[in-house]
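Number of protein chains: 2
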Amino acid sequence: MPSPRVLVVAGTHGNEINAPWLLEQWQQQPDLIQTHGCEVHPVIGNPEAYAKGCRYLDRDLNRSFQPGLLRQAGSERNPPSQVDREVQRAIDLISRYGIGGIDACGVVIDLHSTTSSMGNSLVVHGRRPADLALAALVQGRLGLPIYLHEADPDQQGFLVESWPCGLAIEVGPVPQMVRHHKILTQTRLALEAVFEACSDALAGRARYPNQLVVHRHLGSLDLPRSPSGSPDAFLHPQRQAADWQPMRGGDPLFQKADGSCVPYEGADGLVPVFINEAAYAEKAIALSLTHRECWPLSYEWTEAFQAQLSAG
Amino acid sequence: MPSPRVLVVAGTHGNEINAPWLLEQWQQQPDLIQTHGCEVHPVIGNPEAYAKGCRYLDRDLNRSFQPGLLRQAGSERNPPSQVDREVQRAIDLISRYGIGGIDACGVVIDLHSTTSSMGNSLVVHGRRPADLALAALVQGRLGLPIYLHEADPDQQGFLVESWPCGLAIEVGPVPQMVRHHKILTQTRLALEAVFEACSDALAGRARYPNQLVVHRHLGSLDLPRSPSGSPDAFLHPQRQAADWQPMRGGDPLFQKADGSCVPYEGADGLVPVFINEAAYAEKAIALSLTHRECWPLSYEWTEAFQAQLSAG
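Quick mapping for you: the protein sequence lines, in order, are chains A and B.
At position 303 of the first sequence the residue is numbered 303 (this note's numbering), and the sequence of numbers has no breaks.
At position 150 of the second sequence the residue is numbered 150 (this note's numbering), and the sequence of numbers has no breaks.
Some clues are possibly wrong.
Since copy identity is lost for identical chains, a pair holds within one copy or between any two.
[Claimed, not checked] Calculated cross-link-like contacts (lysine to aspartate or glutamate; reagent style EDC-like; alpha-carbon spacing at most 20 Å):
#1 K182 / E282
#2 K52 / D152
#3 K182 / D103
#4 K256 / D84
#5 K256 / D31
#6 K52 / E192
#7 K283 / D58
#8 K256 / E24
#9 K52 / D84
#10 K256 / E39
#11 K283 / D268
#12 K283 / D258
The hints are simulated quantities; they were obtained by calculation from the structure and are not laboratory data.
Note that the coordinates shown come from a computational prediction; the quantities given were computed from them, not determined experimentally.
Make a model of the complete structure from these sequences and hints.
Here you go:
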């Protein structure tokens, strides 16, 4: 039986330094992370940004895997020097590790950290059946909450979407450029659970939970802004670090410098995620809103996942 | 009686965004921060870096106030285009707000935030009597711990040293580029305590504590490194966020990826500060070591402080 081939990307954002360090240490100590028989290809997503300690050079690599963007950059009318470096990097990663590449992988795991109090969590993009099966196995094993990101025209071109199956692991809170024992441990645990899931599913011995609990993306909220466009409030003390905790209409959301409160005015029960993520300020996102849903496990998911793994 | 003239610098490091935001809000709401009668000049230390969201452009502004560096840059043989932008900014700040400047201030407060768990704290550079008097009044009022930085040949050229009297306020933990309610509140409280101290001292109504408790800088520790020079350990879970907590020989200090512990081997009772500050990685500082000392209040300090305030 062939091994599942898993691409593990760390440092897709160059200032998220825990996962890259974990992979570096792993190279020197092969028993640091149990692969459960998977053939793993570790790679630094954005090595130039990682060397500089910044999130990216020209544009966010994890928004650069847009088919239109990649096609345009690959056309002959665009000499490489005029292509954003992250778009070129996306093309290079796909051509080596994507379908038909010399090191083709059927599954990709994209490792991130966040300044938000997300804990150890999974991000699934869209509803591809194989992704949902993989997420269900990891959730069944570790209980991680899942943020299902979909249908947001402002946020497109995520790395994992360019592989047949994959998900992101998001761990926080941790400042950018800070190595932290808890983040390292949580990243390793989630990664091992992914490897075990792939291995078990390929061997037909995977034990799926009865349902998948997802937090489905509905949209994002920006900070209140003054007429000049600059933020004139901050996350309310009761909302700061309260990721995954449902809100009710009227709950405190933001606070102004004078102490006045800006309440949450959305529907009851929605669940905020990525509260006060440093890098999302430039995207005008103070938090994202999700709807918690329990989806019964589907045979279609598990079949798709096993088929994908069997395909190599 | 003239008012104490206080220069308040925020954003000396462009990615420390809480203090700049506080000053921006203050401009719109003059009663947000009580000045206690001081004439306050608020300024963004490094506006270009602040606009870009990075610590600095060419070099750390808060290491650029070295007399030799400033002299060299100011000489005719150095055209401005060849001078580091932060050195030029240091010259500009001194020429406007320093002695003899059009907006000369006798006291400077430099506002910083840190990823370390420093809480609300003061940093004093050297043992200038007026600085010690000001620090004593703020410590007496708010109980803030004081890091006394001195005699470190590797770390020179701090902003406050270019004014006759001044100190830095360091608040954490907070990630770079994240606005946080607690950091905003603590910064405001420390700032108001400084203004009150200046006002009271000038009016001769200051009530000093009997002693000043300082944590005197002894040196810094780097992370353990592999032969290739890259860090091969991280802060031990027991040491992470344990700023201001004394250590004993043999206490866990760092941890390696395989879980093994690197113990602290220094003298008993030394107190670590700036543990795991993101920006100090480039300076090869994992933490600094200090010696806690109680100094009886000195008449020389209070006289120097009052004389400085009276001089305008």
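Can you give the numbers of the hints that this structure goes against, from lowest to highest?
-> Of the numbered hints, 1, 2, 3, 4, 6, 10, 11 and 12 do not hold.
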